Amino acid sequence: MKIKNRWTFIIFEILLIFVGLVMFAPILLAFFMSFMKPSEVFRFPPKVIPSSFYWQNYKEALKLVPLGRMLVNSLIVSVFITVGKLITGVLAGYAFSNFNFKGKKIAFSTLFVTLFLPAETVMIVPMFLLMKSLGWVNTYYALIIPFTASATNTFLMRQHFRTIPLELSDAARIDGATPMQYLLKVLLPLSKSMIGGAALINFVYAWNMYLWPLVITMDDKMKTVQIGVKMLIDAEAANNWGTIMAGTMIALAPTLLIFFLIQNLFVKSLVSSGLKG
Amino acid sequence: MRKLTPYFLLIPTFVIIILFIYTPAFNSFKMSFFQETYFGDKKVFVGFDNYIDLFSDNEYYNVLKNTFIYSFVSVGLTIFLSFLISQLLILDLPGTKVVRTLIFSPYAVSPAISATLWAMLFTPTAGLFSYLFQITFNLDVKWLTTKPYSMIAIIAATVWKMLPFDLIFYIAALQNIPDSILESSLMDGANGWIRMWRIKFPLVTPITFYLFIMNFTTTMFSSFGIIDIMTRGGPLNSTTNMIYRLYLDGFAFQDNGLASAQSVVMFGIMSIITYLYFKFVEGKVHYQ
Chain A
1 MKIKNRWTFI IFEILLIFVG LVMFAPILLA FFMSFMKPSE VFRFPPKVIP
51 SSFYWQNYKE ALKLVPLGRM LVNSLIVSVF ITVGKLITGV LAGYAFSNFN
101 FKGKKIAFST LFVTLFLPAE TVMIVPMFLL MKSLGWVNTY YALIIPFTAS
151 ATNTFLMRQH FRTIPLELSD AARIDGATPM QYLLKVLLPL SKSMIGGAAL
201 INFVYAWNMY LWPLVITMDD KMKTVQIGVK MLIDAEAANN WGTIMAGTMI
251 ALAPTLLIFF LIQNLFVKSL VSSGLKG
Chain B
278 MRKLTPYFLL IPTFVIIILF IYTPAFNSFK MSFFQETYFG DKKVFVGFDN
328 YIDLFSDNEY YNVLKNTFIY SFVSVGLTIF LSFLISQLLI LDLPGTKVVR
378 TLIFSPYAVS PAISATLWAM LFTPTAGLFS YLFQITFNLD VKWLTTKPYS
428 MIAIIAATVW KMLPFDLIFY IAALQNIPDS ILESSLMDGA NGWIRMWRIK
478 FPLVTPITFY LFIMNFTTTM FSSFGIIDIM TRGGPLNSTT NMIYRLYLDG
528 FAFQDNGLAS AQSVVMFGIM SIITYLYFKF VEGKVHYQ
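Going down the list, the sequences are from chains A and B. So for the first sequence, the working numbering puts the first residue at 1; every next one is plus one. So for the second sequence, the working numbering puts the first residue at 278; every next one is plus one.
Just so you know, these hints were derived from the structure itself, not from any lab. Remember, predicted model here, so these are calculated numbers, not experimental data. Idealized CB from N, CA, C, for every residue including glycine. Among the clues, some could well be false.
[As the list claims (entries may be wrong)] Subject to a maximum C-alpha distance of 20 Å in a straight line, what follows is the list of computed EDC-like cross-link-like pairs (lysine to aspartate or glutamate):
no.	chain 1	residue 1	chain 2	residue 2
1	B	Lys280	A	Asp175
2	A	Lys59	A	Glu40
3	A	Lys268	B	Asp369
[Said to hold, decoys possible] From chain B, some residues computed to sit far from chain A (all C-beta separations above 10 Å):
no.	residue
4	Ile329
5	Phe332
6	Leu354
7	Asn415
8	Ile458
9	Pro479
10	Thr482
11	Phe486
12	Gly511
13	Pro512
When you get a sec, could you build the whole thing from the sequences and use the hints?
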């Protein structure tokens with residue numbers, strides 16, 4: 001749609017820029033505040049731009065809460081969950097898309113039902129007790145393993161594999177390829193961009209988990225960076241928002257950077273998969 | 278051998294979901310009929326007592342009310358605003374690409390971090406939002422600690438966080454509307470505002486329904502981080518929703534029976550949502 005009227009054009013252009021700034025403002029203000037001296041943070045009326053780069057906030061945040069270690073934890077947890085989900089999803093999706101077998105319908109509905117059992121929130125009490133009985137409380141196992149398979153990923157892979165003609169599979173079989181060879185050498189190379197998109201969304205989902213890491217980790221050394229931010233707020237009795245915002249920036253940087261670098265892939269895969277991050 | 282292949286392929290997924298979804302779900306159901314003795318050493322079968330306790334407690338109705346207000350207001354606002362903003366973004370105005378990146382950026386921000394950012398904006402001493410509100414209305418509101426402002430504050434953070442998700446889907450949907458439909462409406466002399474609500478909005482109804490359900494589950498389940506960081510359910514439990522109450526009963530008060538009964542109630546709600554989703558949305562939404 002093109003706008004013909006000049007005044008309408010100007011009004012819409014101003015609106016567009018205004019909406020962009022308002023939506024980005026919380027992140028931008030947090031970034032600025034993370035460099036403010038305590039005296040600047042509490043200035044009235046509030047200052048938006050810091051007078052200098054006051055790095056002390058970052059040092060202080062890292063001293064109060066082991067955010068570095070927590071970043072590593074978040075990274076480990078997110079990478080393993082993503083890889084796990086992709087592997088289980090590809091295998092199960094392949095089974096549902098390319099094979100007919102006894103019990104397929106039952107298997108499919110069994111998986112389907114899990115869509116309305118969000119483990120990391122609703123079943124949190126029995127999940128916690130289960131982890132306790134396994135001796136997994138406060139370990140990476142508890143943070144990773146329960147989340148390495150999901151119905152959404154399986155359905156997503158299945159949907160995608162179905163778009164690849166079955167004739168290809170028949171041809172591969174006649175040439176003597178085993179089902180696994182066909183998956184690895186034909187299906188996967190044809191699914192690169194879809195898997196890339198799914199990986200991104202799963203990574204962000206895992207990185208953003210909050211409730212489960214909150215209850216299952218006791219030791220600061222096992223906590224993820226999301227919990228670190230809350231600990232920083234609790235530790236900062238004086239509510240030194242400069243320090244809290246510095247910690248927030250540390251926790252936010254990885255996903256925000258990935259997002260800025262490959263925004264298009266994010267958006268495309270989100271729309272095509274209908275996945276909730 | 279080939280016959281067994283699909284079963285081998287399914288093993289990893291099913292081991293995980295049986296161990297970590299079905300087992301705890303079953304335990305949740307079972308535990309909701311038991312109560313632990315005073316010293317926590319024995320579990321006693323109590324039938325529906327946990328459910329009766331839950332629903333004879335006025336506080337739980339308050340929680341349901343909070344959940345209802347929080348979810349519906351957040352979802353309604355998000356859908357309304359994102360539909361409006363999506364109109365701006367499909368106009369191909371100069372700079373749309375840059376602005377789009379800025380507008381989508383909250384998608385990369387976790388609920389917990391969104392909450393921290395908004396807690397900062399709403400803080401009475403240093404928050405820019407508090408200041409702007411003060412100079413505009415000359416009111417000094419303690420946003421996070423007084424009723425009903427704390428509810429407004431968590432809704433603001435939630436809408437901001439959810440908006441990009443909806444926006445992405447609306448943009449995709451609006452770009453799929455054939456030009457011929459819009460052109461014929463232009464001939465009929467419909468102005469922009471009418472065209473937006475009478476023609477475009479009905480055309481994207483399936484997407485709206487999909488977004489409604491997705492947003493509703495987000496506010497039901499993933500809102501925990503926002504509430505825990507911004508208000509901790511307060512003041513006076515006025516922002517305690519179902520998931521927050523479940524967490525309090527399960528972990529702060531360690532009443533596993535009562536918490537499990539709440540889990541079962543939430544399963545019920547989730548089942549209804551999933552049923553509605555598949556009845557009305559699946560198959561009608563074309564993502565590409």
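Say whether it holds or is violated: B:Ile329 keeps its Cβ farther than 10 Å from all Cβ of chain A. holds, 19 Å
Measuring Cβ to Cβ, find out whether B:Thr482 lies farther than 10 Å from everything in chain A. holds, 16 Å
Is it true that the CA of B:Lys280 sits at most 20 Å from the CA of A:Asp175? holds, 19 Å
Any Cβ of chain A at or closer than 10 Å to B:Pro479, or is the non-interface label fine? holds, 18 Å
Check the non-interface label on B:Ile458: least C-beta distance to chain A beyond 10 Å or not. holds, 12 Å
Interface-negative label, B:Leu354 against chain A, beta-carbon threshold 10 Å: B:Leu354 clear of chain A: closest Cβ-Cβ about 14 Å, beyond 10 Å.
Measuring Cβ to Cβ, find out whether B:Phe332 lies farther than 10 Å from everything in chain A. holds, 18 Å
Would you assess whether B:Phe486, listed as outside the interface, keeps its beta-carbon beyond 10 Å of every beta-carbon in chain A? holds, 13 Å
Nearest-CB test (10 Å) between chain A and B:Pro512: The assertion about B:Pro512 holds, with a minimum of 17 Å to chain A.
Quickly compare the C-alpha distance for A:Lys59 and A:Glu40 to 20 Å and report which way the hint goes. Given that 20 Å is the threshold and the Cα spacing comes to 18 Å, the pair holds.
Is the nearest Cβ of chain A still more than 10 Å from the Cβ of B:Asn415? holds, 14 Å
Please settle this one: B:Gly511 was flagged as non-interface, so is its CB more than 10 Å from every CB on chain A? B:Gly511 clear of chain A: closest Cβ-Cβ about 15 Å, beyond 10 Å.
Taken one by one, the earlier hints all hold for this structure without exception.
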